[in-house]
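Heads up: the protein sequence lines correspond to chains A and B, in order.
With full-length UniProt numbering applied, the first sequence covers 1 to 595.
With full-length UniProt numbering applied, the second sequence covers 1 to 595.
One or more of the hints may lead you astray.
Note that identical chains are pooled: a pair holds if it fits in a single copy or bridges any two copies.
Within a straight-line C-alpha distance of at most 25 Å, the following computed SDA-like cross-link-like pairs (lysine to any residue) qualify [said to hold, decoys possible]:
#1 Lys511 with Tyr497
#2 Lys364 with Val145
#3 Lys532 with Ser322
#4 Lys207 with Asp21
#5 Lys532 with Thr438
#6 Lys546 with Gly463
#7 Lys319 with Phe378
#8 Lys146 with Lys404
#9 Lys569 with Ser533
#10 Lys193 with Glu259
#11 Lys111 with Asn129
#12 Lys319 with Ile482
#13 Lys400 with Ala181
#14 Lys111 with Met260
#15 Lys546 with Phe378
#16 Lys569 with Thr438
#17 Lys45 with Glu562
#18 Lys111 with Ser300
#19 Lys329 with Lys546
#20 Lys511 with Pro494
#21 Lys524 with His536
#22 Lys461 with Lys517
#23 Lys111 with Arg133
#24 Lys193 with His121
#25 Lys461 with Leu184
#26 Lys461 with Tyr497
#27 Lys546 with Pro534
#28 Lys593 with Asp282
For the record, the hints were derived by calculation from the structure and aren't laboratory data.
Nothing here was measured: the structure is a model prediction, and the numbers come from that model.
2 protein chains.
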Amino acid sequence: MPETIPLGRYVWERIHQVGIDTIFGVPGDFNLQFLDYIFEVEGLKWVGNQNELNAAYAADGYARIKGVPGAFVTTHGVGELSAINGIAGSMSERVKVIHVVGQTTRAMQEKHMMIHHSIGHVPDHQVYNNASRGLRIDAAELWDVKTAPAEVDRVIRECFMQSGPVYIFLPLDLSAEHVDASLLSTPIDLSPKIDEAAQEKAVSAIKEALEAAKNPCVLIDALVQRFGAGEEARELVKSLKVPYCSSNMGKGIADETDEMCLGVYNGEISAPGVVSAWEASDLTVLLGYLPADTNSGGFSRSIDQQKTIYVNQFEVVVKGTSYGNTHLKPLLAALVKSLPSTPLHNISPPRLPAQPQPNDLDAKHVTHSWLWPQIEKFLQPGDVVIGETGTSVFGLCDIKFPEKTQFHAQIYYGSIGYATAATLGAEIARRELFGDSTRTVLITGDGSMALTIQEIGTMIKAGIKPVIFIINNAGYTIERMIWGAREKYNDIVPTRYSHLLPLFFHPSPEKSFHYAKTKDDLEKVLASPALKSPEHLQLIEMVMDKCDTPWKLGAQLAWRGESTKQYLKREGFVDVLGNWGLQDGRGGGEAVKWA
Amino acid sequence: MPETIPLGRYVWERIHQVGIDTIFGVPGDFNLQFLDYIFEVEGLKWVGNQNELNAAYAADGYARIKGVPGAFVTTHGVGELSAINGIAGSMSERVKVIHVVGQTTRAMQEKHMMIHHSIGHVPDHQVYNNASRGLRIDAAELWDVKTAPAEVDRVIRECFMQSGPVYIFLPLDLSAEHVDASLLSTPIDLSPKIDEAAQEKAVSAIKEALEAAKNPCVLIDALVQRFGAGEEARELVKSLKVPYCSSNMGKGIADETDEMCLGVYNGEISAPGVVSAWEASDLTVLLGYLPADTNSGGFSRSIDQQKTIYVNQFEVVVKGTSYGNTHLKPLLAALVKSLPSTPLHNISPPRLPAQPQPNDLDAKHVTHSWLWPQIEKFLQPGDVVIGETGTSVFGLCDIKFPEKTQFHAQIYYGSIGYATAATLGAEIARRELFGDSTRTVLITGDGSMALTIQEIGTMIKAGIKPVIFIINNAGYTIERMIWGAREKYNDIVPTRYSHLLPLFFHPSPEKSFHYAKTKDDLEKVLASPALKSPEHLQLIEMVMDKCDTPWKLGAQLAWRGESTKQYLKREGFVDVLGNWGLQDGRGGGEAVKWA
């Protein structure tokens, strides 16, 4: 390493140092020279995207799997704004992303020059920076080479500490100015500043509440994953040996095959027995709670503050009393450490009743009631599973994953199109971590696929091998269920997916494309070795009825009230469990039993 | 019409009243019910896009051709942010666009509910509205049904008056509240408030300067088109009978086949003779001037303030003296009216020297030096021509258009991908105006096409018939010329365009796809009746060398200085005119002669 290096290279070196091995993005006039430095960093790779929104999604997907930020680069204005919806999604879901923006030169900015990508006759080149202010954790607005390295370090740290998107704005001319290379030998401090006394107090309060409880129950939610505390959460439920469940967004963090696991507690819209098991508990422990409508069964979850512990990112609340200045991950680690080796409680494993039989079992075509159990069987331990806003995420949240499955979908922010581009990032991250030993499986719909379909091309060019299922049900089924079941605006552009792989020069497009209209078709596809350990990207088109839906989606809507139920019935949506599986408002009936 | 109508319908009725016949957009949870009202407005049509950025681009394209705003609708957060880069483009290029956003209900907003598409645990639902504040002309933030109709009217008026994008934010519940239908019987006032005295003063000053000049020259720029003053500008140059030219962005406004037309004055990077003709003038009249780098030959245009008249959107400047409070269109109309029936000057028509012969005439493959003259011959009077940021726009700005050609490209904002989706809107607007009597012709590159490629599907579904040329030169050639000629980041995902039409169920994909690798191939394609009056969308893939470029692009870069010239030479970019056509810095040599 030379004694001084360009600031541009410094940025990439720092990004690589914190565990990022791939940079996504799109080149542009104001980042080109700066892109060269990527190739000077040993071990850092470039994957160019087909557009900037897709780059943002890919970086987000990468971050979720790798546990470090995803990073992508765009150009001034046109690029950074194209990506802004991806940034807002990362902000909403607290995903670590570093968005590096190549800006116009400082001279151009100071002189308010009418450089292309600007607005007006005396343009303010920072107008795009302003647009993302409310949608990000922090930003390094680099201007002076003297202070720039410290600013870069600071926002990378903030990205980890607060878990969310940060920007690095780098004027093109500044990227070539040199900084002291020896700065790189001090790694960025990524450890939270722990207030030991505060943490101890919080741990004691939690322990005290646990000891006083007869049958605690733990709920694991999304922020556990975002703040890197998955391992600690798994340790906790193992040590406690109490029943535990997850939210939709918390799925995939803890082992669902464990006998103490209740699966997903999604309020009234939960599998049979889950609500009763939850309500039987006299102390519920909520880890990394994120109670959005789509993550709480439409706010139908019952939480009694007086019998609840919240372990939030920077705070613990025990039965209404707040203990501040804590950090999720170290706090959970300390809590686990403080627990006795013999569990405090001796609770029998829950025995959940079976789901009622769907009434469309006879169908020969692919139905939701049949599909999701097949997907459950299809998944392998260690798979990375990506779901999309729409029917697929409701189906995925209703099945049991094999151990070490990672599951991601944009359940709170819910920007359709996310899942396809996020799969690019997720699969690249998975490959960096696990090589060919596991798979990335995307299940999306035709409506969502359309928004970001070109990213299939990036996947093929990058030589990655996700297994991609597309539900082809002629439009936005989830929207049809909300309003306008038969309206034109819920129809999409018909797409013949058999042409998608050859469009992007897939090496074996015919062997890697699979089409299933019937259960028999799909059974054969699911059993094929090509999907078990794919040599190339696999694409499976599943033709499904536009009024068919996972029961959980129907139930969540029906739960809104009688008029929605009548609407769904009138428009002919398939209610496979009868009354949308909500007899007694409890996902279809019987209560939990204990072994 | 009933006595009262829902506010949602009121919005669409008003939008339709000002001349908009098609609404673009993407459905979402917070606009569905509101979309129904579109179908209640007689004559208003819905064209759903494949994503929201494409919808914004399509609305922009529609506006440019129709002369009224383009309108599109998105949903809260995810939709509106996806479109924001399109809005910024409309702002930069002063294109009238109405972006209607279906927001969460007022109750959800007031309670800061964690509804999907939000950010945080106590979300501010207006955070997305804040993001676009610096990127729009105005916004109607509707909340109270009593004041809402007036607000809607106000921003629609502002959209016309200031020519740029406006937002209408409509909480979902509010859209169903009723307003007095009789409000619709008073049309929105779209006429500027003219200060007759100020206008008269400005007209007199212009006339006086014209009378004092020996050989004035007029330059027509983009804002003439944006402020609807095309007809007046054409009248003006006809009445004056003096030499006139246009900027790149002003191309297509005035007739280029007229003997007084010099073509494009793009500073030093102009066709032979144009610079000398410009400099021979003792009074230059700049109409709707927009001197961005990309619209002024990289700021290489020579303007002497003491011999210049600016007719700007709201102001006239005569030789340094400003006359405020004017409006471009009525001012030009008044100026034309004030001119004598016999022209003030008697100037011979200019005779521009021919372009030097390109030195790659022998090539068998499709070259830029050969292509653009062929495109010139291919164009028909009345065609709508769309160019894309990249080589295509430099080629298009170098040819002479037949009369009544409309030309659009995002030359100032320069967001690649724009042109494809804008073509959807432009072709729909063209069809509304002219039916099958003219065509829309898009010329784009493979790099740009990738960003918004799915909108080809929307075109096919909508049954429109643009003729689309794709330059397949294996990546971002314009970026290669700036930096990183051989770098990986300038390579794109290889695409086999023959699969693009069947991917979206084109009715005759084989007959409508054309592939040209050689000049012979392309000559045959250009002569085919399918392209002359297309029955369906036509797609022409032209394979070109990645180091080939229109001379104007090379010249504009070479003009930066010797080191860029050396770079271009070293990397093997084809310099068909030798020294990039800039002997004496004047587009290749000889001066203008006068007939």
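Cross-check of the supplied hints:
With identical chains, the CA atoms of Lys511 and Tyr497 are at most 25 Å apart both within one copy (14 Å) and between copies (20 Å). For the homomeric pair Lys364 and Val145, neither the shortest alpha-carbon distance inside one copy (67 Å) nor that between copies (51 Å) is at most 25 Å. For the homomeric pair Lys532 and Ser322, neither the shortest alpha-carbon distance inside one copy (48 Å) nor that between copies (74 Å) is at most 25 Å. Within a single copy, Lys207 and Asp21 get their C-alpha atoms no closer than 40 Å, and across copies no closer than 66 Å, so neither meets the 25 Å cut-off.
Only within a single protomer do Lys532 and Thr438 lie at most 25 Å apart by alpha-carbon distance; the minimum there is 9 Å, versus 53 Å between protomers. In this assembly of identical chains, Lys546 and Gly463 lie within 25 Å of each other by CA distance solely across copies; the values are 24 Å between and 33 Å within a copy. Within a single copy, Lys319 and Phe378 get their C-alpha atoms no closer than 42 Å, and across copies no closer than 77 Å, so neither meets the 25 Å cut-off. Taking the shortest Cα distances, Lys146 and Lys404 never come within 25 Å of each other, neither inside one copy (45 Å) nor across copies (56 Å).
Proximity of Lys569 to Ser533 under the C-alpha cut-off of 25 Å is found in neither arrangement, the shortest distances being 42 Å within a copy and 48 Å between copies. In the homo-oligomer, the alpha carbons of Lys193 and Glu259 never lie at most 25 Å apart, since the shortest distance is 37 Å inside one protomer and 76 Å across protomers. Within a single copy, Lys111 and Asn129 get their C-alpha atoms as close as 18 Å, which meets the 25 Å cut-off; across copies the closest is 29 Å, which misses it. Proximity of Lys319 to Ile482 under the C-alpha cut-off of 25 Å is found in neither arrangement, the shortest distances being 37 Å within a copy and 62 Å between copies.
In the homo-oligomer, the alpha carbons of Lys400 and Ala181 never lie at most 25 Å apart, since the shortest distance is 50 Å inside one protomer and 55 Å across protomers. Proximity of Lys111 to Met260 under the C-alpha cut-off of 25 Å is found in neither arrangement, the shortest distances being 65 Å within a copy and 36 Å between copies. In this assembly of identical chains, the alpha carbons of Lys546 and Phe378 lie at most 25 Å apart only when taken from the same copy (24 Å versus 45 Å across copies). For the identical chains of this complex, Lys569 and Thr438 are neighbours neither inside a copy (42 Å) nor across copies (48 Å), given an alpha-carbon limit of 25 Å.
Taking the shortest Cα distances, Lys45 and Glu562 never come within 25 Å of each other, neither inside one copy (54 Å) nor across copies (33 Å). In the homo-oligomer, the alpha carbons of Lys111 and Ser300 lie at most 25 Å apart only across protomers (17 Å), although the nearest pairing inside one protomer, at 56 Å, exceeds that limit. With identical chains, the CA atoms of Lys329 and Lys546 are never at most 25 Å apart, being 43 Å at best within one copy and 52 Å at best between copies. For a Cα distance limit of 25 Å, the shortest separation of Lys511 from Pro494 qualifies both inside one copy, at 23 Å, and across copies, at 20 Å.
Taking identical chains as interchangeable, the C-alpha atoms of Lys524 and His536 lie at most 25 Å apart only when both belong to the same chain, with a minimum of 18 Å there against 39 Å between chains. For the homomeric pair Lys461 and Lys517, the shortest alpha-carbon distance between copies (23 Å) is at most 25 Å, but the shortest distance inside one copy (29 Å) is not. For the identical chains of this complex, Lys111 and Arg133 are neighbours both inside a copy (24 Å) and across copies (23 Å), given an alpha-carbon limit of 25 Å. For a Cα distance limit of 25 Å, the shortest separation of Lys193 from His121 across copies, 23 Å, qualifies, whereas the shortest one inside one copy, 47 Å, does not.
Proximity of Lys461 to Leu184 under the C-alpha cut-off of 25 Å is found in neither arrangement, the shortest distances being 33 Å within a copy and 55 Å between copies. Proximity of Lys461 to Tyr497 under the C-alpha cut-off of 25 Å is found in both arrangements, the shortest distances being 18 Å within a copy and 16 Å between copies. Taking the closest pair of Cα atoms, Lys546 and Pro534 never come within 25 Å of each other, the shortest separation being 30 Å inside a single copy and 34 Å across copies. Taking the shortest Cα distances, Lys593 and Asp282 sit within 25 Å of each other inside one copy (16 Å), while across copies they are farther apart (96 Å).
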